[in-house]
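Let chain A serve as the given structure and place chain B on it in line with the hints.
Number of protein chains: 2
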Amino acid sequence: MKNFTSRMIINVIAIPLIILMIRYGQWPLVIFVTLVSFLGQYEFYRLLRLKGIEPVTIMGIAAGLIWNLTVYFFPDLIGPVLMFCIATLALTVLFLPVEGATLRISTTFWGLIYIPVLFSTVVLLRQSQPEYHQGGRLVLLLFVTVWICDSLAFVFGKWLGRRKMAAHISPHKTVAGCIAGLIGAVLTVWLFRWLDWAPAMLDWKELTIFGLLVGVFGQAGDFVESVFKRDAHVKDSGTLLMGHGGVLDRFDAFFIIAPVIYAYIRLLMALS
Amino acid sequence: MKNFTSRMIINVIAIPLIILMIRYGQWPLVIFVTLVSFLGQYEFYRLLRLKGIEPVTIMGIAAGLIWNLTVYFFPDLIGPVLMFCIATLALTVLFLPVEGATLRISTTFWGLIYIPVLFSTVVLLRQSQPEYHQGGRLVLLLFVTVWICDSLAFVFGKWLGRRKMAAHISPHKTVAGCIAGLIGAVLTVWLFRWLDWAPAMLDWKELTIFGLLVGVFGQAGDFVESVFKRDAHVKDSGTLLMGHGGVLDRFDAFFIIAPVIYAYIRLLMALS
Chain A
-18 MKNFTSRMII
-8 NVIAIPLIIL
2 MIRYGQWPLV
12 IFVTLVSFLG
22 QYEFYRLLRL
32 KGIEPVTIMG
42 IAAGLIWNLT
52 VYFFPDLIGP
62 VLMFCIATLA
72 LTVLFLPVEG
82 ATLRISTTFW
92 GLIYIPVLFS
102 TVVLLRQSQP
112 EYHQGGRLVL
122 LLFVTVWICD
132 SLAFVFGKWL
142 GRRKMAAHIS
152 PHKTVAGCIA
162 GLIGAVLTVW
172 LFRWLDWAPA
182 MLDWKELTIF
192 GLLVGVFGQA
202 GDFVESVFKR
212 DAHVKDSGTL
222 LMGHGGVLDR
232 FDAFFIIAPV
242 IYAYIRLLMA
252 LS
Chain B
-18 MKNFTSRMII
-8 NVIAIPLIIL
2 MIRYGQWPLV
12 IFVTLVSFLG
22 QYEFYRLLRL
32 KGIEPVTIMG
42 IAAGLIWNLT
52 VYFFPDLIGP
62 VLMFCIATLA
72 LTVLFLPVEG
82 ATLRISTTFW
92 GLIYIPVLFS
102 TVVLLRQSQP
112 EYHQGGRLVL
122 LLFVTVWICD
132 SLAFVFGKWL
142 GRRKMAAHIS
152 PHKTVAGCIA
162 GLIGAVLTVW
172 LFRWLDWAPA
182 MLDWKELTIF
192 GLLVGVFGQA
202 GDFVESVFKR
212 DAHVKDSGTL
222 LMGHGGVLDR
232 FDAFFIIAPV
242 IYAYIRLLMA
252 LS
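Protein chains in written order, with my numbering: chain A, -18 to 253; chain B, -18 to 253.
So here's chain A without its partners, still in its complex pose (with noise of 0.2 Å):
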């Protein structure tokens, strides 16, 4: 119970100041996704430690620091940054001791790339409309839906659920639960429409398309994180936000869905 409210709590606080940044966009969005990046990366790093693998810590999070501000100031300029960053990152393998260092390096890429570089797609979304506003309703549409799927998927899996999604990843996933997220989900870019909030430049079946992504890849998201702390033998990311584990578990869904969202957008102003 007391996790229950200490989690109202934060959601009361946290969500109307996240949508008001994605309503902004601009250097707002850029520090609170640069933030999450930050915990959520420097909570995967707690994980691999538990695992007995030491990444390079501080090399992984000031690489997605500078991937973070590059995305937003020179976005002309993210290809040769982000390569630029990998290439001289590889270097630090040289000051290592080498039994290990193929393990150490590659973990810690791996930190900087599920967390800060997916999770900036929410950025690089934000900011590829003509429109600047347009851009906000795109971000809006993935976070409520994402939020909605996860609670239908919550609720209706504590209800209903018997049957295991995938027991051995997350024992609390069902298969009701997964499936009221996915309708939850196309649910709500359908609410969307119908207030007339819906990006301009999705039609309906673009936002039908759009539901089931965030319904099937949101979904996933939860679960590759559900292996990452498996694998670690715990069972929250961190223990910063009360009651909600840490960074990492609560925007789990965001790094894959995220990037797979704006993958299709991309692909949709590539054919239009």
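Treat the hints with caution; some may be incorrect.
Copies of one chain are not kept apart here, so a pair can be met inside one copy or by any two copies together.
Claimed, not checked - Okay, derived cross-link-like pairs now, SDA-like style, lysine to any residue, Cα gap no bigger than 20 Å in a straight line:
(1) Lys32 / Leu75
(2) Lys186 / Val167
(3) Lys139 / Val156
(4) Lys216 / Leu75
(5) Lys145 / Phe76
(6) Lys216 / Arg30
(7) Lys145 / Val79
(8) Lys139 / Arg(-12)
(9) Lys145 / Pro78
(10) Lys32 / Gly81
I should point out that these hints are in silico values taken from the structure, not numbers from a laboratory.
Okay, now just chain B, sitting in the frame of chain A:
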């Protein structure tokens, strides 16, 4: 001596062929880069298996091929395609045993990033210039400078070197050899300028920096690959090219120097 002969034969065939592909550019160069990436990635995954880690080889190599084709055929969609590939490749962990999945996915990705993604900057560099043949000059300068730097480091290291550069990583590389390589790299870019083969966009100061970058980051790239081999307790990354070690051994400098030069050229273009 047998090694030396087979080395010479390969050099006599391979060097002119590579130069031709660089000059022509387009799909012949893409095929060359894709082939090197594929073989290199395969060798890298073999090194991992020698360390007792089972990367998701097929997925990693498939992503590498998709990446190389995207860089050439859909350069405007590189960002979204990369994000989509990473996100969907991450889903592989859902089908692996949980124990060890983090390591397996991390190393699979590192093989993808370190080899195809970094090496694809050769194609990006080739395509980067408004005047197409100028891109060929850039890539040719890069390759020839690396080759001369490597050869001088090898020869002078053997003749003059006593003091080791980093004996725990590469027992044969000496300080004298590395300095000879660095000087050789700078002399090569000056020679190119004198012969009027240098890319038109670079003045002599920028060319000198080009040479210094190759001398430093190219040789650092050799050491990086040596760390991965030593970590796996092998001497050569593979046996495909008799006497040359593996493909990784032959192209190790490029995985680091090509992205650095690409970033350097893009930076100069952005500033001009």
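Verification of the supplied hints:
Only between protomers do Lys32 and Leu75 lie at most 20 Å apart by alpha-carbon distance; the minimum there is 19 Å, versus 23 Å within a single protomer. For a Cα distance limit of 20 Å, the shortest separation of Lys186 from Val167 inside one copy, 11 Å, qualifies, whereas the shortest one across copies, 58 Å, does not. For the homomeric pair Lys139 and Val156, the shortest alpha-carbon distance inside one copy (11 Å) is at most 20 Å, but the shortest distance between copies (66 Å) is not. Taking the closest pair of Cα atoms, Lys216 and Leu75 come within 20 Å of each other only across two copies (17 Å); inside a single copy the shortest separation is 35 Å, beyond that limit.
In this assembly of identical chains, Lys145 and Phe76 lie within 20 Å of each other by CA distance solely across copies; the values are 16 Å between and 46 Å within a copy. With identical chains, the CA atoms of Lys216 and Arg30 are at most 20 Å apart within one copy only, with a shortest distance of 15 Å there and 30 Å across copies. In the homo-oligomer, the alpha carbons of Lys145 and Val79 lie at most 20 Å apart only across protomers (16 Å), although the nearest pairing inside one protomer, at 43 Å, exceeds that limit. In this assembly of identical chains, Lys139 and Arg(-12) lie within 20 Å of each other by CA distance solely inside one copy; the values are 17 Å within and 67 Å between copies.
Taking the closest pair of Cα atoms, Lys145 and Pro78 come within 20 Å of each other only across two copies (17 Å); inside a single copy the shortest separation is 44 Å, beyond that limit. Proximity of Lys32 to Gly81 under the C-alpha cut-off of 20 Å is found in both arrangements, the shortest distances being 13 Å within a copy and 9 Å between copies.
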